[in-house]
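**Q** Required output: the full structure, derived from the provided sequences and hints.
Those letters in the sequence shown? Residues -21 to -1, 1 to 166, by mature numbering (1 follows the signal peptide of the UniProt record, and there is no 0).
Because the hints were derived from the structure by calculation, they are not lab data.
Be aware that one or more of the hints could be misleading.
[To be verified] Listed below are the simulated DSS-like cross-link pairs for lysine-lysine, each with C-alpha atoms no more than 30 Å apart in a straight line:
| # | residue 1 | residue 2 |
| --- | --- | --- |
| 1 | K91 | K29 |
| 2 | K111 | K84 |
| 3 | K29 | K55 |
| 4 | K91 | K80 |
| 5 | K55 | K34 |
| 6 | K34 | K80 |
| 7 | K91 | K111 |
| 8 | K111 | K55 |
| 9 | K84 | K34 |
| 10 | K29 | K80 |
| 11 | K84 | K29 |
| 12 | K55 | K80 |
| 13 | K111 | K34 |
[What the hints assert, rightly or not] Cβ-Cβ distance ranges computed for the label pairs, FRET-style:
| # | residue 1 | residue 2 | range |
| --- | --- | --- | --- |
| 14 | P19 | T82 | 15 to 21 Å |
| 15 | P140 | Q112 | 28 to 34 Å |
| 16 | S64 | T164 | 56 to 62 Å |
| 17 | T123 | G1 | 21 to 27 Å |
If you're wondering where the values come from, they're calculated on a predicted model, not measured in any experiment.
No residue lacks a Cβ here, since even glycine has one placed at the ideal position from N, Cα and C.
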Amino acid sequence: MKLSKLCAVLGLASVAAVAQAGNPSADLNYTFQQYTSTGPVGSNSLNTNKFYWVKEATGTYNGQDVQSWVLIWDPKDAGPNVQVSGSVSFDNTILAVFTEKATLKGSSAFEKNSLSYDYSDSMVGLETVDAKQTSFAGASLNLTWNAGDPGDMVRVLTAVPEPETYALYLAGLGVVGMMARRRRTQR
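**A** The following block contains the structure:
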């Protein structure tokens, strides 16, 4: 394949990768996977030894474009010795984490249409101890959550790159393409 065509193909693939938020990854003591059922979440109905993530909607928060995610841990067994700990990493900077029932309900505009949410239990979200053991810096969410009913659920908002970022990226690809073309004509 010619260098200019290769640059074009790689450039388009890279732009597509930048435009799509990648799935989060985790370093946890529980299995971490995408939740693909329809719910309801938040109601202590999952009862599984897995830690789930859901990619919700994009929208605007405090004047910035964001991608919303829900993290859910609803273990089979509850008790003081059942605990999930570690970190969850996203592609982009975390801007906010909603841990309480009121803020989860207040940010319901980000909910995924095909997923059912249940906020009827007064303990939806994180218990006080779990909220104190949850922090974020950059694109990483660090947590230590203890098992309790109705399980734990948070909404995480991550930054979405601004259009200027895409423009700069495309400009850089254009320069690479011009260099490849110039190199070819100098032969």
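**Q** Are the Cα atoms of K91 and K80 separated by 30 Å or less?
**A** Status holds; Cα separation ~17 Å.
**Q** With the threshold set at 30 Å, check whether the alpha-carbon distance from K111 to K84 stays at or below it.
**A** 20 Å, holds
**Q** Does 56 to 62 Å hold as the CB distance between S64 and T164, or does it fail?
**A** 58 Å, holds
**Q** If you draw a straight line from the CA of K55 to the CA of K34, is it 30 Å or shorter?
**A** 23 Å, holds
**Q** Is K55 within 30 Å of K80, Cα to Cα?
**A** Distance of about 21 Å is within 30 Å: holds.
**Q** Checking one constraint from the list: CA of K111 to CA of K55, max 30 Å. Satisfied?
**A** 23 Å, holds
**Q** Is K84 close enough to K29, meaning Cα to Cα at most 30 Å?
**A** 24 Å, holds
**Q** Holds or violated: are the alpha carbons of K29 and K55 at most 30 Å from each other?
**A** 9 Å, holds
**Q** If you check the beta carbons of T123 and G1, does the distance land in 21 to 27 Å?
**A** Roughly 25 Å apart at Cβ, these two residues keep to the hinted range, so it holds.
**Q** Between the beta carbons of P19 and T82, is the distance compatible with 15 to 21 Å?
**A** The hint (15 to 21 Å, Cβ to Cβ) holds, given that P19 and T82 are roughly 19 Å apart.
**Q** Between K34 and K80, does the CA-CA distance stay at or below 30 Å?
**A** Holds, because 19 Å separates the two Cα atoms, which is no more than 30 Å.
**Q** Does K34 sit within 30 Å of K111, going by the straight-line distance between their CA atoms?
**A** With Cα atoms ~24 Å apart, K111 and K34 stay inside 30 Å; holds.
In terms of the numbered hints stated before, the structure departs from none.
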